[in-house]
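Residue numbers (my numbering), protein chains in the order written: chain A, 1434 to 1533; chain B, 1238 to 1658.
Any given hint could turn out to be false.
What the hints assert, rightly or not - Subject to a maximum C-alpha distance of 16 Å in a straight line, what follows is the list of computed EDC-like cross-link-like pairs (lysine to aspartate or glutamate):
id	chain 1	residue 1	chain 2	residue 2
1	B	K1611	A	D1494
2	A	K1511	B	D1607
3	B	K1596	A	D1494
4	B	K1596	A	E1463
5	B	K1611	A	E1464
6	A	K1492	B	E1455
7	A	K1492	B	E1422
8	B	K1592	A	E1464
9	B	K1611	A	E1447
As the list claims (entries may be wrong) - Label-pair distances were calculated between CB atoms; the ranges are:
id	chain 1	residue 1	chain 2	residue 2	range
10	A	D1478	B	Y1383	28 to 34 Å
11	B	Y1385	A	E1437	34 to 40 Å
12	A	K1483	B	E1620	36 to 42 Å
13	B	G1424	A	A1459	52 to 58 Å
14	A	S1455	B	T1549	40 to 46 Å
15	A	A1459	B	Q1366	33 to 39 Å
16	A	R1454	B	Y1383	51 to 57 Å
17	B	S1584	A	E1437	24 to 30 Å
18	A	A1456	B	Q1366	38 to 44 Å
19	A	E1507	B	M1267	51 to 57 Å
20	B	K1611	A	E1518	25 to 31 Å
21	B	G1424	A	L1529	33 to 39 Å
22	B	F1450	A	E1437	36 to 42 Å
No lab work stands behind these hints: they were computed from the structure.
Quick reminder that beta carbons are idealized off the backbone N, C-alpha and C, glycines included.
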Amino acid sequence: MTEEKYPINIWVNEERYEKIRSAGLADLCEEMLAGLKVIRAYANDAQKDKILSLFPTAKFDSATTKSIELLPREVKDKIFDLIVEKKKVDVMEEFLKQQG
Amino acid sequence: MSNIGYGGKEIVERILEPKEAAQKIKGPGMRAVPIGSQMANEVINIAYGWFTPLEGFMGKADVDSVCKKMRLANGVVWSIPIVFDISAGEISDYGIREKGSVLLTYDNNPMAIFEVEEIFDYDRKEMCQAIYGTTDEKHPGCARTYKYKDKFIGGKITLVSRPKINPPFEEYFIPPLEMRKRFKEKGWVRVVAHQTRNVPHTGHEWLMKGAWFQTYGELPIEKPLVGVLVNAIIGEKRKGDYIDEAIILTQDELRKAGYFGDHNHMTSLTFWDMRYAGPKEAVFHAMLRTNLGLTHHMYGRDHAGVGTYYGTYDAHYLLESIKNELSIASVYSMDWLYCPHCGEVASEGLCNHRKEWQKFSGTLIRSIVDDGVKPPRLIFRPEVFDLVMECAEKYGFGSPFVTDEYLKKRTPVFTIPPLSA
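Next up, chain A with everything else stripped away, as it sits in the complex (with noise of 0.2 Å):
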């Protein structure tokens, strides 16, 4: 049986769109809203628990989206400097690893 994802949109403007592509990482993008971008990186079961532990006022939306949503700005910043530098969305064993 294939393990739960749970995906944390990170939501692209020019300025991350720039870094992604610099870094040929356009195809990691995807259109999730009218048109809006996104580049998604997944949390299975436990890292969800922990991700909403370790940040307070994240939620969980599980009515619609089924997605991690409301992490601080400054935290998916840091996701998304991961995903650039590791050049892939599969990240949140390291980004758990540096927040100790």
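Since chain A is already given, all that's left is putting chain B on it; use the hints.
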């Protein structure tokens, strides 16, 4: 002309004129009891008639009946206890006794006379189970209930000073009697309530538009006969919520920017701290809006719910079970979403491009705004977005969301002025 409110009782404002108020509070032995903003909200609601047929805070018979039967002791459906909590120490310190009166003060100014009819205890855990269907302290309603002090006081409330509503909220404070007058002036024969504590995305906008169509029904179309009333809940704020100023102003912006018009849309506020009681709160909202003179009330999925405590349509089921006892009709709505195939916001009940649907929520939009990204105009009106950002600068100390700084420094929504006579 009489204004019959919820429970078949006439709405009467329990507010004294300044001269009479000044005389009353000079009465012998009238002790001052300070209250905080949560209690002050409810004092205002009682005095202006939002809580008709209540004339004050509930006594034990009503609380017990509400918890056990979802009814007041006289049999009228009522779903959430309205209680005044206080500690035994305060009762002793302030000399509060049954059959006496005290003066409730807010920010050191006289606010209301409280005729103490009864002092009683109630099991808070039992109250939680009855109202929220859970005793879990993580449920925000339970958490609030567990924080109640150990005694409750029941009795009538009479305002001695009208609140001064501060900018930018003044024009949105429209109590029940005034609201009914405005509906008559507009010529609306049906008005549907939109309950909100959010800034509007286009899903909300279409929820309102859909409800407007449903409410219009068979009425003749020659002149505007139906309005949507956005009734924003203004109350206790949690960090990360949108700031109150952004909520109320952006809702009204939908009218100002032409997505609605004066002929079919109005924005107002109600002071209320959300209990997140799901179905029970949906019933409570029906009662509140009946008193405001509304004929219809819209309910989406998981109305006033939180987490996974309630089923998606539990509120609908409960409302249906008592619909003959409510004098406001329920308007149920499915979700609105963005369909790239249609190129527009569509209803789950209409569009059949199911595999292409792009669902969005208030939380998702907040997340986009948090990231410093402007949402597409099909999802979030540009005028609304610009106003959210303006509110951040003007009222939110740089953020459209509640921060510690906002909680500390914001201008209060209302103040109680000193007695003038």
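Checked hints:
1. At most 16 Å may separate the alpha-carbon atoms for a hinted pair to count; B:K1611 and A:D1494 exceed this at roughly 20 Å.
2. The straight-line distance between the Cα atoms of A:K1511 and B:D1607 is roughly 14 Å, inside the 16 Å bound, and the hint therefore holds.
3. The straight-line distance between the Cα atoms of B:K1596 and A:D1494 is roughly 11 Å, inside the 16 Å bound, and the hint therefore holds.
4. Distance hint between B:K1596 and A:E1463 is fulfilled; the C-alpha atoms sit about 15 Å from each other, no more than 16 Å.
5. Restraint check: the Cα-Cα separation between B:K1611 and A:E1464 comes to about 15 Å, which is no more than 16 Å; the hinted pair holds.
6. Straight-line distance between C-alpha atoms of A:K1492 and B:E1455 comes to about 42 Å, which puts the hinted pair past the 16 Å bound.
7. For a cut-off of 16 Å, the pair hint linking A:K1492 to B:E1422 is broken: about 44 Å separates their Cα positions.
8. A distance of roughly 14 Å separates the Cα atoms of B:K1592 and A:E1464; the hinted pair therefore holds under the 16 Å criterion.
9. As the CA atoms of B:K1611 and A:E1447 are separated by approximately 11 Å, the hinted pair is consistent with the 16 Å bound.
10. Taking the beta carbon of each, A:D1478 and B:Y1383 are about 30 Å apart, inside 28 to 34 Å as hinted.
11. About 39 Å separates the C-beta atoms of B:Y1385 and A:E1437, a value consistent with the hinted range of 34 to 40 Å.
12. As the Cβ distance of A:K1483 to B:E1620 is approximately 40 Å, the hint placing it in 36 to 42 Å holds.
13. One distance hint, 52 to 58 Å for the beta-carbon pair B:G1424 and A:A1459, holds here, with the actual separation near 56 Å.
14. A hinted range of 40 to 46 Å holds for the C-beta pair A:S1455 and B:T1549, which are about 44 Å apart.
15. Remark: the range hint 33 to 39 Å for A:A1459 to B:Q1366 is contradicted by a beta-carbon distance near 54 Å.
16. Between A:R1454 and B:Y1383, the C-beta spacing of about 52 Å keeps the proposed range 51 to 57 Å intact.
17. Distance hint check: the CB atoms of B:S1584 and A:E1437 are about 28 Å apart, consistent with the given range 24 to 30 Å.
18. Checking the proposed 38 to 44 Å range against A:A1456 and B:Q1366 shows it is violated: the Cβ atoms sit about 54 Å from each other.
19. About 54 Å separates the C-beta atoms of A:E1507 and B:M1267, a value consistent with the hinted range of 51 to 57 Å.
20. The hint said 25 to 31 Å for the Cβ distance between B:K1611 and A:E1518, and at roughly 27 Å that hint holds.
21. In this structure, B:G1424 and A:L1529 break the distance hint of 33 to 39 Å, their C-beta atoms being roughly 60 Å apart.
22. Between B:F1450 and A:E1437 the beta carbon distance is about 38 Å. The supplied range of 36 to 42 Å therefore holds.
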